[in-house]
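Please work from the sequences and hints to get the whole structure.
If you read the sequences in order, they're chains A and B.
Each residue of the first sequence is one higher than the one before, starting from 1 at the first, in our numbering.
Each residue of the second sequence is one higher than the one before, starting from 1 at the first, in our numbering.
No lab work stands behind these hints: they were computed from the structure.
It cannot be assumed that every hint is accurate.
Calculated pairs, BS3-like style, for lysine-lysine (alpha carbon to alpha carbon, straight line, at most 30 Å) [unchecked claim]: (1) A/Lys338 with B/Lys998; (2) B/Lys777 with A/Lys338; (3) B/Lys460 with B/Lys193.
Listed next, the stretches of chain B that the computed footprint assigns to chain A, with coverage defined by at least 3 CB atoms under 8 Å from CB atoms of chain A [what the hints assert, rightly or not]: (4) 228 to 234; (5) 243 to 250; (6) 483 to 491; (7) 830 to 844; (8) 932 to 946.
Treat the numbers as computed from the prediction; the structure is a model and nothing was measured.
We treat Cβ as the ideally placed atom computed from N, Cα and C, and that holds for glycine.
Each chain, written out:
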Amino acid sequence: MATKDTPVNDPMLDPITGEFAVIAPGHTFKSVTEEISNIVLTPRTPLGWFFGFAIAGGVVLMLLVALTWLFLRGVGIWAVTIPVAWGFAIINFVWWIGIGHAGTLISAILLLFKQGWRNSINRFAEAMTIFAVVCAGLFPLIHTGRPWLAYWLFPYPNTMNVWPQFRSPLLWDVFAVSTYATISVVFWYIGMIPDLGTLRDRAKSRFGQFFYGMLAVGWRGSVRHWVRYEMSSLLLAGLATPLVLSVHSVISFDFAVALLPGWHTTIFPPYFVAGAIYSGFAMVITLAIPIREFYHLEDLITLRHVDNMCKVMLATGLIVAYGYSTEVFMSYCYSASKWEYFMMWNRMFGPIGWAYWVLITCNIALPQLLWSRKLRRNVPFVFLMSLIVNTGMWFERFVIIVISLSRDYLPSSWGTYRATKWDYMTLAGTFGLFTFLFFLFIRFLPMIPMSELRLMLPQAKIRAEAEPLPEAGD
Amino acid sequence: MRDSVKENMQNTHAKLTLAEVRAKLAGQKGKKYWRSIDELAGTPEFEAAVREEFPEHSSEWIDPVSRRGFLKLMGASMALAGLSGCTKQPDEPIYPYVKAPEDLVLGKPVYFATAFPFRTGAVPLLVKSDAYRPIKIDGNPDHPYNQGGSDPITQGTLLDLYDPDRSQHTYYRGETRPWVAFLGSFRAMLADKKASGGQGLYFLSTTVTSPTLAAQWKKGQANYPNAKFLQYDPVNRDSAYAASKAAFGEYRDAQYKLDTADIIVSLDADFLSGAAHPGFHRLAKDYANRRRLDKTSTGEYSMNRLYAVETMTTTTGMKAEHRLALRANDIAGFAATLAAAVGAGSAPSGYTWSDDAQKFLAALVKDLKANTGKCVVIPGEQQSASVHLAAIAINDALGNVGKTVVYTETVNPMPTVEGDEIKSLVADMNAGKVDWLVILNTNPIYSAPADLEFADAFNKVGTVVHLGNHRDETGLQAHWHINAAHYLESWSDARAYDGTVSVVQPMIDPLYGGHSAHEILQSLLDNPDVSPYEAVRSTWGTQAASAPGGEDPDFGWRKLLHDGFLANTAFTPSSGGGKAVIPAPLPQLAADALEIVFRPDPHVYDGRYANVGWLQEIPRPITNLSWDNAAIMSYATLDKLGVSEHDVIEISLNGKTVLAPALAIPGHADGSITLHIGQGRTIGRVAGGVGFNACQIRPSGSPLFAAGATIRKTGQEWGLAIPKSHYIDHRATYVGGDGSGTHSLEGNEAIDRGIIRYATLDQFKQDPGFAHEGYGKDDPAPDESLFPAYRYDKNAWGMSIDLNSCVGCNACIVSCYAENNIAVVGQHQATVGRIMQWIRIDTYFEGDLAAPRAHFQPMTCHHCENAPCEQVCPVGATVHTPEGLNTMVYNRCVGTRYCSNNCPYKVRRFNFLLFSDYDTPSLKLMRNPDVTVRSRGVMEKCSYCLQRINEVKIEADKNNRAIRDGEIITACQQACPTNAIVFGNINDATSKVAKLKKQERTYGVLADLNTRPRTTYVAEVINVNPALTPDVGA
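Here is the structure:
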């Protein structure tokens, strides 16, 4: 998307298209492979990694403390109450699941659309998906009153002949999330096999050779392997694509199917999906920028990626904004329903109304700055913006869940919600868990797909693009 | 105390010396009920007491092995000493009521009649007993007085019986002693004093309700003519008694006949709130019966009209068609003005009335004059004697005497002005005249007016004996403390409001071997060993035996026990209205003066039920306050004082101070602060540390209300537990508000949303279908659902609640707690909104919060036919029965709480923590064996008393017959004093509930959501005086 006034001699710009390069020039197959595999295979782990890993580990310990107390005492240690019977746990669940969506979108939909730039970021975006689903999956389990019986939500054969209640959206959640987690893990792993083979071959230590050898499941890089690999990637992408749309749609049914004003609305599925991708891309940026700095991967994760992700955020942010305005329109102007009317007034001006304005500021107002190309290429600014969008999306769920519940049909039963320290510890604890897993991932697995990057190099491109050219007169 | 020491020692694993034990004890704070002054002071006496407690074991604490053995033994003996559940029946024969199995059939409850001897008049009871443990208390349906109705306090006395903090021993100076040791010492003293005629022997009793006890004292006094028997309760009938003495020359009780009253005027008389007002059950029932819109023979609706003048907003004032908020001080002036206007006495000088008050007065006078002989003026128990005198004069002038009000002997056998008695007692104590003071079931150290300095006078008494249910503030200070028997454990007698005699018969042997006042007073008599049973029987035996019956000489007595009351013992009205001369009332309070009004707490009364968790936790009517008391005032006064709600203020009155959190309520009189007495107890795991003790500033000279208080802000805050929110509607008109900024948001919304629908009588006459017109008031057609409708072929249970009859007294809630084993969650959990009540009374304030109208709406599970909760439960833990009940399968619930989110009525309650008490042995005895005790992480809610439905169904099945209408009575329905709740089979067109549901006024709350609720409401119709409020209603 470069324009005429960009300097012609900038090595980062593609001389033909004028766009930012996906990979900096000068890289060879070897240099790409080395740059990525050395992060994993180096015998000298950077001190910074230990530092970050220790902090994340500490936060995980805090999560364990919070969970232990939770299991000992019950969900009453949280702020959930009647009428606000769902609180941080469900907010966090929806938020984390939403974050996962960017990974799937990048790996599946962008693959199908042949968006080559995705290759640099798809691996850790997929990892992000899996870890986000891990964090998300924790919450439905722990938020139940009797978590030791949460397996009753699964339709397993049992002597009592009791089945789950299939009309409940919570049950649909179980299927949606477990499918999603399965596909994501399989997709991630299959995509990693060629790189695992590379690592096996390059590993010096006996353990490394064994470990990556086991994971590489006999990958030899033969043509037959590559054909099957490409085919299975495509098939899995085809399977995963509907999930991008379906998972968050199903989760939005938790709310849309309910009777509550503020939940009972048909706009939720598309608007939840857009919101999920919005927050997901924000999270990819939140992760990519520090990694890029720390491991000096500016050559592989370039401003092109940052710029593109900002554009996706801008687009999905506008869809979300449209969703919000439709909600306002529906309740104030169209519904002619007192419940809806009051719900929207309360959402904006009720006792927790400030949360709505935080949401509007973070999700709609501030992201409009991304229209500026200059700002899109300002890495610290983009990082800050990604944090703002993540905050805003968390507040979106807070507004939907807490504010709607706090004042519903019967004015006598209105209540409020004030999070406890255990709520905050659990929320922070999942950040820790997510980061903890991510630290393990970047240390022990290739965070950028070497095989796919190698294909992106000009050396690869010449052959790849030369072959399909039809001969004259054919 | 000993048990607590044991507890403490058992919890301590390391070696302990006695000094350490003592240090630990002294470090304990808060709700430990055993804290004594001795202990806090750390006196040598206390140390000595501890040492004496375990004299032979003192050294063993050094030796771990023998200490372990000792603990083992102690544990075993505690288990034995505690309640093992094998309590036996009382020795004397008691007779089961109505349903009498041949012998005890386990699991099959039996019912006994008795009475709750409350100080405002006995409440006749029918007690459900399971394996000889009383597990549910309800009104006696056959008794002419309450006809089955009860009230929150009566319901709460069940938990009072099983209160684990009840005193379990007789103590002498902190040591346990056998009862006979006391008896020996007491009788030795009596023998000593025989010569002096009992000089220096004083009794201070709670108000005596038992004719037998009065008779015992009368005989005892003959033996000890110089002994004195005084009575004191912080909440008493002094004004009524003083007024009747002035008007009639002797103590009289007024009985009001609301069934014949068209116009009712309450002069600060809160006769619809609870048993604190004498005759509550009768008055509430009669009041409600005239509001069912029945037609008289002339085809007119026979509906009464209630006017209320009051200070604190009460349910009576909120049910009133017209209400005037006046400061307590000025009500006497208003009463005198009203009396003058109807031709009794002359108007007081120096009073100026606001425009509203003048308008109110003019309309009231006109209404009263038009209804002579069909109206009644009721003075408030907590109002001065001059208000009572004015009421006597007004009723006389309007020709009401003998029609709507009659005067009879007093229900209490020893009427007296208790405020004077306590003053004379303290004077005698200070003068050193009191040698032995025997305190019977009262707690003067806690409750005596502050300026009497009762605790100081206490130390000047030679020996103090305290008989009490708890080792309370007084019991801890007294030399002798005797654990009292509960009324469900002992024999006594009492008269109901109408004078009918009831025998209080024990339902269970005393759990802790307690004793009653009868046993103590009997010692004064020539035959000191006569048991209370014989004493009671000798009082009524002859009268009972005269009842017609078989040849068996015991028949009459057995019938008395069986029925629970002695028929035809109601008082006969005395003739004459009394010549009341209304004294000049106190001058009107200056506009800026601040007045403090002392009232009994609506639930814990004068503090005697402060340790009953149910009564503490259930939100009080009007204030919605749970677990605390507060400085209650109007919004204007709050603004004027410059404080906000929850701010702790220091109230000073005559040099005494107390700290209290401020709370504003709609409709309270300006310039006045109401303090509820009964809180601020220092003992009890429930009562300790709750609220503040208003008696700390209560003056003996004016114990009902006193002017001249000053307020100081402390800058502290106290999180009052108000489970329901209350907000002021600040919305401008363009966002749906009314723009006033003075109305209740909830109230406005409730009326906007069609949750509350009501009309005036005139509007109803013109438009009987008013409840079904307007936004959201049309019920959807039955087939408007994606899901096929359920079929209910046999029974379809439904409920109808008459909002015209509901007076918001909370009796149903306490009854539900007892019936359904509902857990008490405590103050903090209540503050965050986790109260477990299955039925609640929603209160909506309509109109200007300075002069609101309230609407009470009991809210339970609606058992929707299209239940939103059922569709969203992922495990099918809440399901529909073929009879249309929406049931909870506790075992299946995993606790996602989705059902609660989707319930538009928000009637589901979740066990966020382990709220049920699984450990306290005495509470295990109390539980209803037919209802599961819910554990942590499980949703629960109203089941329409499924266990009662099934019990009746089984009986009907066995007899191969259909269930009769009215055979199934839910717990809330049973307790309701006004019969506002009706339950039954809506498939049976002849059932009462089906007929009610066909009424034009019946509507379903939120029925436009197509939930098809099984609980419906009969819309309120109010009989306003058109001269006062022309534009209210639908």
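So, going through the hints one by one against the coordinates:
1. A/Lys338 with B/Lys998: Given that 30 Å is the threshold and the Cα spacing comes to 28 Å, the pair holds.
2. B/Lys777 with A/Lys338: 12 Å, holds
3. B/Lys460 with B/Lys193: Satisfied, since the Cα-Cα distance of roughly 19 Å is no more than 30 Å.
4. 228 to 234: Coverage by chain A is violated for the region 228 to 234 of chain B (0 residues, Cβ < 8 Å).
5. 243 to 250: violated (count 0)
6. 483 to 491: violated (count 0)
7. 830 to 844: Result for this restraint: holds, n = 7.
8. 932 to 946: Holds, because 4 residues of the region 932 to 946 of chain B bring their Cβ atoms closer than 8 Å to Cβ atoms of chain A.
The structure is inconsistent with the numbered hints 4, 5, 6, although it conforms to all the rest.
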